[in-house]
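**Q** Please take these sequences and the hints and turn them into a complete structure.
2 protein chains.
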Amino acid sequence: MMITGKNYIGNQNSAKGDKIFTTFNPLLDKNNDWKITEATPEEIEEAVSLATSAFKEYSQLSGKKKASFLRAIAEEIESLGDNLLEVYCAESGLPQGRANGERGRTLGQLRAFANHLEDGNWVEATIDTAQPDRQPLPKVDLRKMNVALGPVVVFGASNFPLAFSTAGGDAAAALAAGCPVIVKSHPMHAATGEMVASAIVKAAEKTGMPNGVFSNLNSNGNDVGQQLVLNENIKAVGFTGSLKGGRALYNLAATRKEPIPVFAEMGSVNPVVLLPKSLENRAESIAKTYAGSITLGAGQFCTNPGLIIGIKSEGLTNFTNNLASDIKEVAPSCMLHPNIANAYYKNKETALNQNGVAVLADISENVPSNFAAQAVITVSGAEFLKNPTLHHEVFGPFSLLVQCGDKAELEEVIANLEGQLTGTVIADDNELENYRTVVSELQNKVGRIIFNGVPTGVEVCPSMLHGGPYPASTDSRFTAVGVDSIKRFVRPFSFQDWPNNLLPEELKNENPLGILRTVNGVKTDKEI
Amino acid sequence: MMITGKNYIGNQNSAKGDKIFTTFNPLLDKNNDWKITEATPEEIEEAVSLATSAFKEYSQLSGKKKASFLRAIAEEIESLGDNLLEVYCAESGLPQGRANGERGRTLGQLRAFANHLEDGNWVEATIDTAQPDRQPLPKVDLRKMNVALGPVVVFGASNFPLAFSTAGGDAAAALAAGCPVIVKSHPMHAATGEMVASAIVKAAEKTGMPNGVFSNLNSNGNDVGQQLVLNENIKAVGFTGSLKGGRALYNLAATRKEPIPVFAEMGSVNPVVLLPKSLENRAESIAKTYAGSITLGAGQFCTNPGLIIGIKSEGLTNFTNNLASDIKEVAPSCMLHPNIANAYYKNKETALNQNGVAVLADISENVPSNFAAQAVITVSGAEFLKNPTLHHEVFGPFSLLVQCGDKAELEEVIANLEGQLTGTVIADDNELENYRTVVSELQNKVGRIIFNGVPTGVEVCPSMLHGGPYPASTDSRFTAVGVDSIKRFVRPFSFQDWPNNLLPEELKNENPLGILRTVNGVKTDKEI
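Here the protein sequences come in this chain order: G and A. Just so it is clear: in the first sequence, position 173 is 173 by the working numbering, and no numbers are missing. In the working numbering, each residue carries its 1-based index in the second sequence increased by 1000.
Keep in mind that the hints were calculated from the coordinates and are not lab data. Be aware that one or more of the hints could be misleading.
[To be verified] Capping the alpha-carbon separation at 25 Å, the derived lysine to aspartate or glutamate pairs in DMTMM-like fashion look like this: (1) G:K56 with G:E46; (2) A:K1244 with G:E232; (3) G:K508 with A:E1459.
[To be verified] DEER-style ranges, computed between Cβ atoms: (4) G:D133 with A:M1001: 32 to 42 Å; (5) G:D133 with A:K1056: 46 to 56 Å; (6) G:T524 with A:K1056: 33 to 43 Å; (7) G:D223 with A:K1407: 36 to 46 Å; (8) A:K1056 with G:Q96: 40 to 50 Å; (9) G:A408 with A:E1045: 20 to 30 Å.
[As the list claims (entries may be wrong)] If we take Cβ atoms under 8 Å as the criterion, some of the chain G residues that face chain A in the derived model are: (10) V140; (11) L432; (12) T474.
C-beta atoms are modelled at their ideal positions from N, C-alpha and C, and glycine is treated no differently.
**A** Spelled out as C-alpha cells, the structure:
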C-alpha cells in the first residue's frame, strides 16, 4: 500500500493540517521520504465525537461480534505482507527478524483477545437472586457484569512499533472491552502506524463496526496528545514510554473536572540479585546469559536488566570479570532513533561520572552513528545508597553492578529501590530459603519476580503481570500484557430487579452464552 | 467501657496532643461530655511506621488467620453490647433501631469477608505451566495471584458511624486484603469510633495480629488526614463523604511523588425516571413509595432520590400532587449534626431560589433544632438544562422533580447529568422497550440501574455495585459495597519459574487450599 501520511478520522483519511514531519531511518542515518501530516484540533475533535457516538453501538455488541472484528484486524495486518516489515525496519533500525517476531506477537495478542471474548467469562457475571420473603426486608434481584468504560486514547510506544502501538496490546484490550480507540501514533514510526491503521479500518468496515470505533492521529509534539487527554468524552488512557511522559499525562488527567485513569507503563531498572552460592558454582554462565540480556534489542526493552546486585566475594569478582569480557564481544546494534541514541549516551555519561563509579566495559570505539555502545559499570552498595542518580534507568544496553559489603547492605539496597516491573533472583538449590527477607523486600517492589532467569522476554499469557509499583507503572493493580489487561478498560455494573428479557445475554436466567457465573455464591454455568 | 478520647497508635492508647474537641448530640442540641484528643504529627508518624512494619507479617498471613481476626472483631463489637448503640445515638441523633440495624450490617460485612477469605478464590490464581520444548523459544512457568497493596488510610463517614467507619466496609475490605488500616475517625462520632477501635485492638491481640495492623486517629480538622495521605508509606485511601472532601484528597494523592489510588464515594442525586404508563396506572402508589424513600433517615443516604424526571401528562400531575401531600405527612427527623442541618437548609434555599423553580412541599414550621424540614420542588426540563446549580446534590430529605416537554427532552436531561451511583426507571410491563435509548443514556451515567424500586437500601452482596462514574466516585472500576470491594486494595503479582516449595499455598502444584484456579486456560480445583 502507499503511505499517504494522512490521519484516519474514523474510516476517513484526512490531512487538513499544515504541520508536516518525517520519520527517520537510523540505519541509513537519513530521513524517510514519507510526509506525515499532524492532526488538527478540528480533526481531533471529530475523532472524539465519532468515537463517542460509536461507543453507544460498539459497547453493546456481543463478544462474538467484537471477536470477529479483532480476528479481521489480524487478517488485514497479515495481508499487508512483508511491505509492513520493510516500513517497520526503515522507521526503527530494528532487524527483519525482530519485525517478524513482533508482528507474530501482535497477531497473537489480537487472537488471544478474540478467544477471550468468545469464551465470555471475562465479564465476571455475578448474580444474587431475589428473596421476596426475607425478614425484616425483602431481598432484591441483583446482577453484575463488566461493561465498557468509554472511548480510550492509546499512545504508541517508540520501542514496539507493532506490539505496543496502533493495534498493539493497549488498543486490542480496549477494543475487546467494547471501547472505541483513538491512537496517538508514535512520531518515530508514523508510516508503520498508518499501515496498521488502514488494516484496522478495513477490518472495521468488513465486519460492520460503527464508524469511529477507531481513529489514528499523527503528531510530532505534545499538543495532540494533550488535547485528547483533556477531552471530556475520553474515559481512559493507555501509554507506554518514559517516566517523564507518562507522569505528565497522569498529571494532566488528574486536573480534569472528571479525572480519568491513565495506565502508563514507564519501564524500570529491573534489579537482578545474585546470591553467593550461584556465583560460586556458575559465575561464567550467569555472566554470559546476562551479557545477552543486557544487549538484547540494543537494550531497548522496559524489562532490560539495568541493575545487578551482589555481595562481594570471589564469585562476584569472577562474575564481574566474565561479564566485562562477554559484553565486549557483543556487536553493537542500531538504536531506534538519533534522539534515543543521544539520550542513551547522555544518561550513560551521567552515570559514569558519579562518585565511586568504575567502568567494567564501555565499547565506544568504531561504533556507527545511532548505534549503541554497550556498557557495564560498577559501584559499592554504600555509594549506591547515597546517590539517587544511580537508581535511574539508562534506556539502552547498559547495566550497573552494585557490590554490597554483606547481606544486610544487600537488603538495604533493595529496600531503597523504587517500584519495578520485575525483580530477578539468581540462586542455587535451597539457597533462596536463607534469603527470605531479601526476597520479601524485593517482592514489595516489583510486579513480577523471576527465579534463575532473565527479565527480558515477556510471555504473553493470562498469568503474566506486566506492570508494578510506581514508577514502573501508574497503577500497580493492572497488567499491560495478557488478556487480563482488558480489566483496565471496564467497570462493573449492576442491574437491580431488571426484566429478564432486557438483560444482557450474560445475565439472563437461561444463560444463553453458557458462561461461568457466580450465582448466589456458587460458580456455575447452569441456567437459573 | 469508658470513653477516654484517646487515639489508638497500634495497640496503645495515646493522647500526646493538646487539641481537644467534643462531639455533639443533635437530639438534645448540646455537646457530649467526652473530651476527644486530636492525634499529633508524631503519633501519626508512629501509626504509619507501625503499619509499615506490620504489613510485612500481616500481608503474608493465610486467609484463615485473617478470617479469624475479622470474626474476632465482629465478636468484640457484639461484646460492647447496647452501650455502643447508646453512644452511637448520642453522637448521631439517629434512632436506636437504625443503630441496631447498622451494627448488624457491620457484623455481617466483617463475616462476609471472613467467608470470602476462607473460600480463598478471591486471589484469582492463574497458572500457565512451563513448556521447555516450545519453539522457537521455551515457555517459562508463570503463576499470578492478588497480593495486598500496603498500609491503607480509611476516613470514617459522617452518615454511617458503624457500617462505613472504624470497622466498616472500607476497613474490613482492606484488612481482608492483607493491608494494615489506619482510620481517620470521623469527628462527629469519635466516641463511637473509639469503642469500635477498642474492639478491633482486642481482636488483634486475641488472634495474635502484629502490632500496627490497626490504628485509630482522632481529628477535628484536615491536618491529620492530609498528613496521612501524603505519607509515602500509605498505599491507598478509602473515603465516603462530600465531593469537595473526596476531590481534595484525590488531588492531594495525585501530587505525591508516588501517586496512590483514592477511592472516594461521594454521593449523587440518583435520578429516577418515571415513564408515562406507570404514572397513568399507579401514580398514587409511586408517590407514596417515593415520599418514604426521600425522607428515609432524614435523607442522609448517598442513594437518596434527589432528582425525579418525568414527561408532562395527567399522570405526572397526579404523581406531583400526591407526592406533595404525602411528603407533608412525614414527621421530620433529626439530622446528624448542626453543620449538616445548616448545610441542608442553605443548599435547599439555593435550589429554591433558582429561576423557574416552584415549591411543591416545604415543611418549615415547628421543626425542632437540627431537624430537617423535607421539601420537594419542581422545574421544567428546559430550565433544568440551562442551570447546572440544579444538578447539585442537596444532602437531606429533598428532591427536585423535573417536568420534561417530551421524550426527546427527557433523553437530553439524562444525557446532561453527571455520573451517579444509581439510576431508577419506573415503568409498566413492556413500556421499557420503547425507551431503550433513554435507558442506554442512563446506564452510561450510573453504577447501578434499578427497575421499579427505590435507590435507597443498598444490599450487601457480591453482585452489588456501589460506585459509579465521577463524581459519584473517583474510580468507577470498583465497588465500595460487597466482597468485591477487596479488589481496591490488592494488586496482581506474578512468580516466574519460582520453586514450588517457596510459592504461596494458593499457587503450589498440590493446590493445598483446594481453591478454584485457572490452569493453562481452564478453571479447575485440581492439583497440577
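**Q** Checking against the hints above, which ones are violated?
**A** none
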